[in-house]
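Note that UniProt numbering numbers the sequence shown so that position 262 is 262, with each residue one more than the last.
With a straight-line cut-off of 20 Å between C-alpha atoms, the simulated SDA-like cross-links for lysine to any residue are:
#1 Lys101 <-> Tyr230
#2 Lys61 <-> Gly274
#3 Lys95 <-> Gln219
#4 Lys101 <-> Thr70
#5 Lys39 <-> Asn129
#6 Lys101 <-> Ile77
#7 Lys101 <-> Ser118
#8 Lys172 <-> Glu159
#9 Lys67 <-> Asp227
No lab work stands behind these hints: they were computed from the structure.
Here the structure is a predicted model, which is why all the values come from computation and not from measurement.
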Amino acid sequence: MTLDTLLLITTLLTSPYSSETKATDPSEIAMVEGESLMKNVFDRFHINYEMSRLHKVGYYKEAVSDKLATYYLAEGIVDIYIPCNLNQEAGAAVKPIKTRKKVFENLDQEKLLLGNASDMARSSIWRPNSFLNNKNRDNYFFEYAGEVELNGNNVSLIEFSPSNSHGNVSGKIYVDKTYYAIVKIEYTPMVTGSGVWKSVDWTENFEFKNGAYQLVSVQFQGVSFEDELYYNASLIMDQIEVIRRIPENELFIDFDAPLFEKASEDFNENFWDGYDFLKKEIKADANLIASESL
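Construct the complete structure from the given sequences, taking the supplied hints into account.
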């Protein structure tokens, strides 16, 4: 028996992930399986996810309420530009096409109404400061939590949490095990000390389109620290993909303008004529406006 063989046997017997440890420590099994699964996911990021820049038309909506009534509602058709995902510096840009809003109650916390659309348009897969970024992954534990059903398909569930003081997010990752692709993420950033939020929750959904996985919808829910107002925002990006190629400097000349600065207050159903894919959302909002006006 050679020295190399002896060293190999010693390593296997003393490894914390030996078969004996796995058989007697279920949490260790889950951790090892989770780390292994996520390694496959990370190794396939550049294969599974859209890399080129995208120009889409989508729908964005935000609302502020308390437990009894709605304070503010705004929604709109928006132009969305997502830069090439190799570009770690540029952020996504969202420009209003047609928008409307309604203020039911005056709000003291105007800072809640900044709009998250541009932040929401770029997923955690590629966002430079994301917990999934190559520089930040080591700050988290990834634990396998079993198989679950999602949209009629069986997927693997990974629960993640901070592994050190640099980690600041916890949540769940849903993985298509056939392609090792993330199809949904639910996560909660730590917001203690922010002075604005009591709690914050994000959900991102992905679908396979045109040969790659793309972010198709995002939901944000936040509860303000002082008045416990509920802030809800959603962005849907799977409706229309714009085929034309427009230079970036022409596409978003007025990008810096607030999203709802020139929004209409018309909440009649015919306001969205020409945008039939929004009929379901429009009906819900029309009913809300009618009930709040009573």
